[in-house]
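Based on the hints, put chain B in the right spot on chain A.
2 protein chains.
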Amino acid sequence: MLSIKDLSALYAAKYNGERLGTEPKGLYEPMSHIMSIPGKRIRPLLLLLSCDAFGGQVSDALNAAHAMELFHNFTLVHDDIMDAATLRRGIPTVHELYGINAGILTGDAIFIYVYKYLCMLPPAILPAALELFNATAVEIMEGQQMDMDFEQRLDVAVQEYLTMIGFKTSVLLACSLQMGAIIAGASVHDQSSVYDFGMKLGLSFQIKDDWLDTFGESDKVGKKPGGDIIQNKKTYLLITLLNTISNDDRKELLKLFEEKDETHKVAAVMALYAKYDISAKTLEKADALYQEALDALDAISISTEQKVNLRTMAQMVHDRTF
Amino acid sequence: MLSIKDLSALYAAKYNGERLGTEPKGLYEPMSHIMSIPGKRIRPLLLLLSCDAFGGQVSDALNAAHAMELFHNFTLVHDDIMDAATLRRGIPTVHELYGINAGILTGDAIFIYVYKYLCMLPPAILPAALELFNATAVEIMEGQQMDMDFEQRLDVAVQEYLTMIGFKTSVLLACSLQMGAIIAGASVHDQSSVYDFGMKLGLSFQIKDDWLDTFGESDKVGKKPGGDIIQNKKTYLLITLLNTISNDDRKELLKLFEEKDETHKVAAVMALYAKYDISAKTLEKADALYQEALDALDAISISTEQKVNLRTMAQMVHDRTF
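As they're listed, the protein sequences go chains A and B. For the first sequence, the working numbering puts the final residue at 438, and the numbers step up evenly by one. For the second sequence, the working numbering puts the final residue at 438, and the numbers step up evenly by one.
In short, the hints are calculated from the structure, not lab data. One or more of the hints may lead you astray.
For identical chains, the list gives no copy identity; a pair is met inside one copy or between any two copies.
List of simulated lysine to any residue pairs, SDA-like, C-alpha gap at most 20 Å [stated by the list, open to error]:
(1) K391 x V274
(2) K371 x D271
(3) K349 x N359
(4) K141 x A273
Quick caveat: nothing in here was measured; it's all calculated off a predicted structure.
Bound-form chain A, shown alone:
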């Protein structure tokens, strides 16, 4: 078995700085731009270490791993247009640099390359791999739409929120892990367990992310604390509050949504979070989901030794050390 570092290096050696094409420049330059923005490459790494854990040949999995990273970047390019985001990791977004039309076309073209790379898989496993990926991609689109819909609603149930973040964030992690298992020839039971592991880990990560935005130490989070509160963002915190709050406090909260004094707004919403014990409830949910991820890992039939990279990754994601 290879180390996480080795797997990461194998991927980087093959794909860092890759150019998907050259002409027309107006198409391929923006594609290279987004792919060159440094990232954690967590999806390809999950695919590779899952394949390796299940005893597969990592060399067979590199193209599919790259397909996961390409797909993630396709969603970033189009999401950045939808969110009117000008920067990504401090670097101008594609549409900011090249215009919205180029941004749309760049995303579309990257999406086709996702399938070009997936189709390099051996024919025998191609139908199963594509069925998994197509279902995942549809869910990600549905999750993006749900996210936009939720911004207009005050009655989002906790379960609906979990479905949305599951679609938006977790399914691609889960798909990457299952794809690695498929390539390694793992059993259907193990494929399902490793998918479940990815789902629960992604959900736990996203809920902890919501918590960190409000309760994290700002020097560690790396962004202005309370940003979600200022934007009235429908986080796990806010949705849990909306689902437990008294009628009187609810009226106050709705007024706070309009509050212009940001310092007062953050303090007043945090007072409501304290009154309804939202911080502890949120951490409890994140921890419960993390535990469910570890349970799913336990259900996999490979040896504890073979699971070590998966367990280490889970720990690193949980501790924000990845």
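Just chain B now, kept in the frame of chain A:
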């Protein structure tokens, strides 16, 4: 063998009014909107009649035929955003009705369903079908970028223009025809010939389309004559003119690009077209390509009887009676 009418009816019976999904409504309603705009459904029809001509089972080809129509609609949704088009066949475009963000996401989601339908093909032919389709889709993106690039250039060679319209228009027709042949189990030689037939037919169609915008009878063309001239659109006519014009006339033409009096502009550019015999040169090229399409059809190994639908479709596309 089935008639063109029967094949068209088979497709309509299975897919007209189809809903790809229901929730979230914000995603699936715009998808239904674009798919419900009436169209000729030429791409699925070409796929079905090619499959039928090569002796394949049309029932095996319906899902792939629908994938071609879905892909065409995906390009329409995103192209309409890029062109800021508010109407398509007199019906509001997706982004006009639902906003640009919904337009981007609608196109993306339709694109995934293209692959969902393609992946319903038998596993044995899936790799070949996907390889053809992926290559085609990349060319269409490259063609779209070339088209945008050409609008900024005055030195486009005729061959570059043919490559661009080949990518933008012809390759999806050619791909549909070859996909039908693949499903029917046609030989590689016949697959290549039927692809070539589609390429040449598409090129001939597009060049004739350019000619009709300027020289067609406006009641038949159904749009304001000279629209391309008014917009300085890089058509086969204008590119041929730019490649043959004297330096003095070129200076006049460049001035005409800035002319605000549309009636004068159209008349003056048409006078240059007359001086350089552009109408005849354009029709000659369209006819030569149509003849090459028929030659490609002749090269196919099936009987003249089996080719009758392909020949009839070519004639109908050529005569604008489809």
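Consistency of the hints with the structure:
no.	hint	result
1	K391 x V274	within (19 Å within a copy, 73 Å between copies)
2	K371 x D271	within (16 Å within a copy, 61 Å between copies)
3	K349 x N359	within (15 Å within a copy, 57 Å between copies)
4	K141 x A273	between (47 Å within a copy, 18 Å between copies)
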